[in-house]
Amino acid sequence: MGRYLIRRVLFMILVLFIVSLLTFLIFVKLPAGDPARRAVGKSTTPEQIEAAREAFGLDKPLYVQYARFARGLVPFPGWFLDEKVYYSYGNFVSVKEELFRRLPVTITLAIGSAVIWLAMGIPIGIVSAVKKGSVWDRAGMLFALIGVSMPVFWLGQLLLYVFWFKLRWAPKSGLDIGASIWVSIAQGKFILPWITLAFTSAAFYARMVRGNLIETMGDDYIRTARAKGLSERRVIYKHGLRGALTPVVTMLGLDIGALLGGAFITETLFAMPGIGAWAVQSIGTNDFPVVMGVTIVGALFIAAANLIVDVTYAFLDPRVRYT
Amino acid sequence: MVAVVAVLGIVAAACGGNDSTSSSSTDTGSASADLSGGTLKFAQLADFYSALDPQKEYSAVTWEYYRCCLLRTLMSYKGVPTDQGGAEIFPDIASAAPEISADGLTWSFTLKQGVMYGDPFGDVAVAAGDFIRALERTADPAANTGGYSFYYSPIKGFDDYAAGKADTISGMSAPDDSTLVIKLTEPTGDLGYRFAMGTTAPIPPNGDAKYGAAEGHERNYGRFMVATGPYQIQGAADLDFSVDPKEQKPVAGYVPGRSLVLERNPNYDPATDDLRPAYPESIEVTMGGDNNDLYNQVSAGEIDFVVDGAVPPNKIKEYTTDPDLQDRLNVYPSDAVRYVSFNLAMPPFDDIHVRKAINWALDKQGFRQVRGGETTGQIAGHIFVNSLQNNLLADYDPYATPNSAGDQKKAMDEMKQSKYDSNGDGVCDDPSCEGMLTITDREDPYPDQAAILKDNLAPLGITMDVKELERGVMYNKCNDANSHTAFCIGPAWGKDYADGFTFGGPLFASGGLWESCCNYSLLGATPDQLKGWGYDVTSTPSVDDKVAECSAAQDEARFQCWADLDKQLMEEVVPWVPYLFDNSVDILSPNVTNYSFDQFAGLAAFDHMAVSGG
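If you're matching them up, the sequences are chains A and B in order. Our numbering puts the first residue of the first sequence at 1, with every later residue one more than the last. Our numbering puts the first residue of the second sequence at 1, with every later residue one more than the last.
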């Protein structure tokens, strides 16, 4: 396992390097305009543009520019997201400072929605599998079909319009000025964003649990358990579910990892000041240091989630051994 | 001012509405104790472009915060519409209008007494030298990224300071704390307007620091800004300028990308200020969100106003048709023009008859309709918005057609006079009329407008190769002389301040040519420039002399001069087809009990807005 972990960490570093290089190249080659020109605004002189280019380090050769940014991705004190390189071209805020300030919102969104989609998706999947072919199964799969078909941006707007604007059952979007995360949670500010994020995933997980459980319940060891005289409840929950939920663990880790990189649409729609909303704004303004910082942090979360999930899998399933 | 115009101007209305201005209870400018108090709640879709740094911010939204609330300047505006004097400037920190020498090269301002800074400089009075400090920072390339320092080049020594060739701006002096003297290299009739801009707001001294309180904050002075207006950023009292700038903590009331809270400036003396009623007790601004949802919040009274949004079509329809809501809908000219530009170095646009023909052919009504109809603005018959010429050309439209729908016959009659119509049938015969590179914005409604233009030009034998681009890329391509773009369909232009120079200079003088901005028509380009950009055309018309003449003029002669230039452009040069003078459309929450439109910024005047419960 030790050698396996080392190999995976090295592979993770390679993946992050490739992601950073691709991100850099995309922005260098994008026709979205020269960041220096955007920064200096209009009615400027070539000298001012050159001064801005020099200030942003854009006058250096491409490999030098990349090296400056790549150095900032190394988790070494004084290097990681170095403020001399990683600052917004727009408002000059430090990328590191802003990322850490926004991370709690994104984490809250990710974890809260995960709790909801698990609480919805797993029971629906179990009921559908156990009562396969019944009206409960059909209802569950109808929910799943609607859920996976519904675009997040549409669902979010619908929820806001119905439950806030019309019914006033939920608070308006955005966080109150000065309110902490806990206060905002207590105010119910995260409920609609959680539901928006969770709905599609709940539908997907319901289908996945149903399919896995149906398959597992046909296995020999389940037949043996029944033959031993165990109650059906015990057969399902103690024996069947364990095998059926193992892939769910895998997906859960990856989904949370992806969400930690920012739920772009939900954060923007609900005015949640998380990493995703910031990324959307920064892409629109060609704010490269921010985009690079957010992309790498997102990639890091996904890569780390992958690693954690794989390791967890080995503990869940004794047949899995890594060397 | 193109990006903000693009946001404010993109509205789509259902049928109905009218293109005359309407307003709710418009303030006359006099303060009323009954209206004071309460908290105004705003929403902004986007954060400030440059974190509120006055030497960097180039946005009407930020300029309104400066004017209404945070930063007083030598001259300023009343925050009212044009017909109430909103395009005029008045003394603010200056005690009176400046004294101008006979040759127009020396301007002297005398300061009012008793104008104090906000916290933590509450015991410091504004002095003449503080304006010099602000202009030096304006000139400093390390601090002015994205700003508009070019407006101050006529100040003697300004460019030398900017280039690092001098330690001071030689043309600015403060013989005493109450007197500021400015010497110019050329007469500049609108200098007073330029000293109404936020970048000229005074910066307090701080020990020996060259830039005073702004020292060490080249990137982010906005988060340490010291106010002079009726408001300051909440938490300003906790700013500590005694420590090294790197150790200073930014003001708590502005969280970039998230929120801004303005509280009353305890050191502000209303007796020194005739311009700002400053009704609300505080202003809370949240950032981010969805446009439609934010306007629902306005309707519900959860917030009072969306600063940088576009009122959705269903809301416009609702507010124009419901008698109970009509007085909460405000429509005013935003002093921006939308246009189609020609590249005069690209055949067949080197022929004035072709350009005139397109002016006749364009269906301006159709363009307006796809934008949302009459509420979105007034059909433009000329280039400069009317307020910049004191309405001298309000009824002038040399290419007027019935219902502004275009006139194909007149267009073809004009085309017949062109060298590109060899057989005089009103249709272009030259290959240069085919597949003309046309750039437009890819967002709605610009592709629809491109389709209308295609239909309008087909009978003239002109076909287009339309490229739809992201807005920023579009503007870049239109501006880049090397791109050989024939048509630009998407642009818009708003004034920076209420003077024709903000149109004439950047749009039509040679100083606005690539790599500067925004003379897309390449007027005034030299043969060497044209050759360097790859054109076979060796000359384009120039209006540099006229722009210089108007820049030096003053008072009524200035309005007339810009009007003359407008006519010259429309009849003798024809660089554009202007089609719409944009409207600004606002809706207000039920809590707002007073409103005024600030013609300077083209937005609601925040200091005039009062809320119930105040």
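Treat each hint with caution, since some may be false.
What the hints assert, rightly or not - Here are the simulated BS3-like cross-link-like pairs (lysine-lysine), alpha carbons at most 30 Å apart as the crow flies:
1) B/Lys567 to B/Lys477
2) A/Lys60 to B/Lys317
3) B/Lys317 to A/Lys166
4) B/Lys165 to A/Lys84
5) B/Lys546 to B/Lys567
6) A/Lys132 to A/Lys228
7) B/Lys454 to B/Lys416
8) B/Lys246 to A/Lys84
9) B/Lys246 to A/Lys96
10) B/Lys112 to B/Lys165
11) A/Lys166 to A/Lys132
12) A/Lys96 to B/Lys317
13) B/Lys454 to A/Lys60
14) B/Lys419 to A/Lys60
15) B/Lys567 to A/Lys84
16) B/Lys467 to B/Lys546
17) A/Lys84 to B/Lys249
18) A/Lys84 to A/Lys96
Stated by the list, open to error - Okay, the calculated bits of chain A under chain B, using three or more residues with CB under 8 Å as the criterion:
19) 58-72
20) 248-256
21) 272-284
By construction, these hints were calculated from the structure, which means they are not laboratory data. Since this is a predicted model, take the numbers as computed values, not measurements. Note that beta-carbon positions come from the ideal geometry of N, C-alpha and C, so glycine has one too.
These are the hints, each one checked on the structure:
Of the pairs offered as hints, the one joining B/Lys567 and B/Lys477 holds, with about 28 Å between alpha carbons and a cut-off of 30 Å not exceeded. For the hint linking A/Lys60 to B/Lys317, the alpha-carbon distance of about 53 Å lies beyond 30 Å, and the restraint is violated. A threshold of 30 Å between alpha carbons decides the hint, and for B/Lys317 with A/Lys166 the separation of about 19 Å falls inside it, so the pair holds. Restraint check: the Cα-Cα separation between B/Lys165 and A/Lys84 comes to about 27 Å, which is no more than 30 Å; the hinted pair holds.
Distance hint between B/Lys546 and B/Lys567 is fulfilled; the C-alpha atoms sit about 12 Å from each other, no more than 30 Å. Straight-line distance between C-alpha atoms of A/Lys132 and A/Lys228 comes to about 23 Å, which keeps the hinted pair within the 30 Å bound. The suggested pairing of B/Lys454 with B/Lys416 holds, with an alpha-carbon distance near 20 Å, which does not exceed 30 Å. With a CA separation close to 13 Å, the supplied pair B/Lys246 and A/Lys84 stays within the 30 Å bound.
Our distance criterion of 30 Å between C-alpha atoms is met by B/Lys246 and A/Lys96, whose separation comes to about 16 Å. The suggested pairing of B/Lys112 with B/Lys165 is violated, with an alpha-carbon distance near 33 Å, which exceeds 30 Å. Using a Cα cut-off of 30 Å, the hinted pair A/Lys166 and A/Lys132 is violated, with the two alpha carbons roughly 38 Å apart. Under the criterion of a C-alpha separation no larger than 30 Å, the hint pairing A/Lys96 with B/Lys317 is inconsistent with the structure, at around 45 Å.
With a CA separation close to 44 Å, the supplied pair B/Lys454 and A/Lys60 exceeds the 30 Å bound. Taken as a hint, the B/Lys419 and A/Lys60 pair is broken in the structure, with Cα atoms around 49 Å apart against an allowance of 30 Å. Of the supplied pair hints, the one linking B/Lys567 and A/Lys84 is violated, its CA atoms being roughly 51 Å apart against a limit of 30 Å. In summary, the hint linking B/Lys467 to B/Lys546 is not supported, as the alpha carbons are separated by about 34 Å, beyond the 30 Å threshold.
For the hint linking A/Lys84 to B/Lys249, the alpha-carbon distance of about 18 Å falls within 30 Å, and the restraint holds. A threshold of 30 Å between alpha carbons decides the hint, and for A/Lys84 with A/Lys96 the separation of about 11 Å falls inside it, so the pair holds. Chain B is given as covering the stretch 58-72 of chain A, and this is violated because 0 residues of the stretch bring a CB closer than 8 Å to a CB of that chain, at least three being needed. Judged by the Cβ-Cβ criterion of 8 Å, the stretch 248-256 of chain A is not covered by chain B as claimed, because only 0 of its residues qualify and three are needed.
Residue count for the stretch 272-284 of chain A with a Cβ under 8 Å from a Cβ of chain B: 5. That meets the three needed, and the coverage hint holds.
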